[in-house]
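Trainee: Listed below, chain by chain, are the residues.
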Amino acid sequence: AQKVTQAQTEISVVEKEDVTLDCVYETRDTTYYLFWYKQPPSGELVFLIRRNSFDEQNEISGRYSWNFQKSTSSFNFTITASQVVDSAVYFCALSEALGAQKLVFGQGTRLTINP
Amino acid sequence: EPEVTQTPSHQVTQMGQEVILRCVPISNHLYFYWYRQILGQKVEFLVSFYNNEISEKSEIFDDQFSVERPDGSNFTLKIRSTKLEDSAMYFCASSKRGQGPEQYFGPGTRLTVT
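Sequence lines, in order, name chains A and B.
1 is the number of the first residue of the first sequence in this note's numbering; add one for each residue after it.
1 is the number of the first residue of the second sequence in this note's numbering; add one for each residue after it.
FYI, nobody ran anything at the bench for these hints, they're computed from the structure.
Note that the coordinates shown come from a computational prediction; the quantities given were computed from them, not determined experimentally.
Glycine residues also receive a C-beta, built at the ideal position from the N, C-alpha and C atoms.
Errors might be hidden in some of the hints.
[Said to hold, decoys possible] Computed footprint of chain A on chain B; a stretch qualifies when at least three of its residues, placed anywhere within it, have a C-beta under 8 Å from a C-beta of chain A:
#1 11-19
#2 24-37
#3 77-85
[Unchecked claim] No farther apart than 20 Å at their CA atoms in a straight line, the calculated lysine to aspartate or glutamate pairs in the EDC-like style are these:
#4 A:Lys38 to B:Glu102
#5 A:Lys3 to B:Glu1
#6 A:Lys3 to B:Glu56
#7 B:Lys42 to A:Glu26
#8 B:Lys42 to A:Asp22
#9 A:Lys38 to B:Glu3
#10 A:Lys38 to B:Glu59
#11 A:Lys38 to B:Glu44
#12 B:Lys57 to A:Glu96
#13 B:Lys96 to A:Asp86
#14 B:Lys57 to A:Asp29
#15 A:Lys3 to B:Glu44
#16 B:Lys78 to B:Glu44
#17 B:Lys42 to A:Glu44
#18 A:Lys3 to B:Glu18
Only chain A is shown next, with the shape it has when bound in the complex:
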């Protein structure tokens, strides 16, 4: 069975600090996808990034970066120079590459950026 663990329930930092959100996953599939979604206070789920299991290249998009390490089954998300608008709940998710590709979500990390 697939499982995603986000051990950090809540993180609070001061604006401009860097912050890393941890994600550890379990799967028996050899090919799979990993995702990060953002849920701002308004409640919608916003897609941020997808990584394929066969592509361990890290990715940077502006202030956001993602570190995928298959050896430790981790897919961590770092925000540099955090801003108040980054305050949200962040979910890491996993799906099989075949089949219905349902998303299995972690519990989420509530990130609060204080001015």
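We have chain A already, so just place chain B on it with the hints.
Mentor: Frame of chain A; chain B shown alone:
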């Protein structure tokens, strides 16, 4: 930019009543999903739908639930006889799958069962 839409945004119903939650997926997407999120908890998969049939469903998706694509644009979730524990945010999602397995979510319908 195309987006998934859901109606209504909030539905209040009495226990035992039937509700239908509606979704319009992104037009060129072929795979559709329903998820729910009980307040303060994680997002849980309910059902996936492709080619006019259910491709996978979770243990939550019991006989009280059904899905339908009544026309070329709408995708509905029906709860036949609501229970208090059905109170949650229900999200619809769609994906193109092969060209990008990421799922795009609608804004959600908050269902309150009293």
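Trainee: Between Lys3 of chain A and Glu44 of chain B, is the straight-line Cα distance small enough, at 20 Å or below?
Mentor: 12 Å, holds
Trainee: Please work out if Lys42 of chain B and Glu26 of chain A have their alpha carbons no farther apart than 20 Å.
Mentor: Holds: Lys42 of chain B and Glu26 of chain A sit about 17 Å apart, inside 20 Å.
Trainee: Are Lys3 of chain A and Glu56 of chain B close enough, with their CA atoms no more than 20 Å apart?
Mentor: 17 Å, holds
Trainee: Do the alpha carbons of Lys57 of chain B and Glu96 of chain A lie within 20 Å of each other, as the hint requires?
Mentor: Holds, at about 15 Å.
Trainee: According to a criterion of three or more residues whose C-beta lies within less than 8 Å of a C-beta of chain A, is the region 77-85 of chain B covered?
Mentor: violated (count 0)
Trainee: Is Lys38 of chain A close enough to Glu59 of chain B, meaning Cα to Cα at most 20 Å?
Mentor: 26 Å, violated
Trainee: Are Lys38 of chain A and Glu44 of chain B close enough, with their CA atoms no more than 20 Å apart?
Mentor: This hinted pair holds, its Cα atoms lying about 15 Å apart.
Trainee: Measure nothing beyond the straight line between the CA atoms of Lys78 of chain B and Glu44 of chain B; if it is 20 Å or shorter, mark the hint as holding.
Mentor: 17 Å, holds
Trainee: Given the hint that Lys42 of chain B pairs with Glu44 of chain A, does the C-alpha gap stay at or below 20 Å?
Mentor: 13 Å, holds
Trainee: Please work out if Lys57 of chain B and Asp29 of chain A have their alpha carbons no farther apart than 20 Å.
Mentor: 19 Å, holds
Trainee: Lys3 of chain A and Glu1 of chain B: Cα distance at most 20 Å?
Mentor: 32 Å, violated
Trainee: Three residues minimum, CB to CB under 8 Å: does the region 11-19 of chain B make the cut for coverage by chain A? Let me know.
Mentor: violated (count 0)
In the structure shown, a violation is registered for the earlier hints numbered 1, 3, 5, 10, 13 and 18, in ascending order.
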